[in-house]
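Per numbering that gives the first Met the number 0, the sequence shown starts with residue 0, numbered consecutively.
Please note that the accuracy of each hint is not assured.
[Claimed, not checked] Per label pair, the in silico range of CB-to-CB distance: (1) 136 / 5: 30 to 38 Å; (2) 5 / 138: 35 to 43 Å; (3) 13 / 59: 30 to 38 Å; (4) 30 / 110: 20 to 28 Å; (5) 97 / 122: 40 to 48 Å; (6) 39 / 132: 19 to 27 Å; (7) 154 / 58: 17 to 25 Å.
[Said to hold, decoys possible] Below, a list of computed lysine to aspartate or glutamate pairs in the EDC-like style, where the Cα atoms sit at most 20 Å apart: (8) 112 / 97; (9) 63 / 159; (10) 112 / 124; (11) 43 / 31; (12) 142 / 159; (13) 142 / 123; (14) 112 / 135.
Bear in mind the hints are in silico, worked out from the structure with no lab data behind them.
In this text, a Cβ means the ideal position worked out from N, Cα and C, and glycines have one as well.
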Amino acid sequence: MTRGDEAALHAFVEGRRTALFRSAYLLCGNRDEAEDLVQTTLVKVVLGARRHGGLESLEAYARKTLVNTFISARRRFWRREHAYGEVPDAAGRSVDSDTGLMVRAALAELAPKQRAVLVLRYWEDLSVAATAQVLDMRESTVKSHTARGLAALRAAVREEYA
0 MTRGDEAALH AFVEGRRTAL FRSAYLLCGN RDEAEDLVQT TLVKVVLGAR RHGGLESLEA
60 YARKTLVNTF ISARRRFWRR EHAYGEVPDA AGRSVDSDTG LMVRAALAEL APKQRAVLVL
120 RYWEDLSVAA TAQVLDMRES TVKSHTARGL AALRAAVREE YA
């Protein structure tokens with residue numbers, strides 16, 4: 000890899016870290032887990048770019064790696080890390096609205112693939128075809144995951160406001 004390629008790769012990592020974190024947070028629903036997911040994703044992206052002499056579309060490769068890493072982590076029956084921390088005496092100040100918290104809680108209840116589809120479609124603003132390509136599934140599967148996921152979110156919102 001040339002020096003210019005390394006500089007472009009470094010710039011990509013620095014420039015996309017925050018956007019990847021936002022998507023990872025929506026997928027995981029947990030800040031620490033999202034940070035770990037982004038770190039793992041970026042390591043895989045850098046290694047893949049170096050191994051293949053640069054990738055044509057780092058953006059698409061990073062997005063696909065993020066989602067695939069998330070889904071594969073959810074398939075495991077056990078986790079390597081267990082968080083044991085002290086609970087603070089007072090709750091931190093909430094910046095989110097109640098609706099945002101409710102939507103994220105409902106999003107966390109969805110199956111990993113449904114959650115991935117909704118994040119890619121509505122947060123990343125990808126088309127059905129692009130989402131299908133990222134997730135390696137048919138467009139009809141993306142549409143059905145979208146419909147079922149939105150129905151579950153709507154039911155959770157109705158239940159909360161009822």
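Hint by hint, work out which the structure violates, then give me just those numbers in ascending order. Hints 3, 5, 7, 8, 9, 12 contradicted; others consistent.
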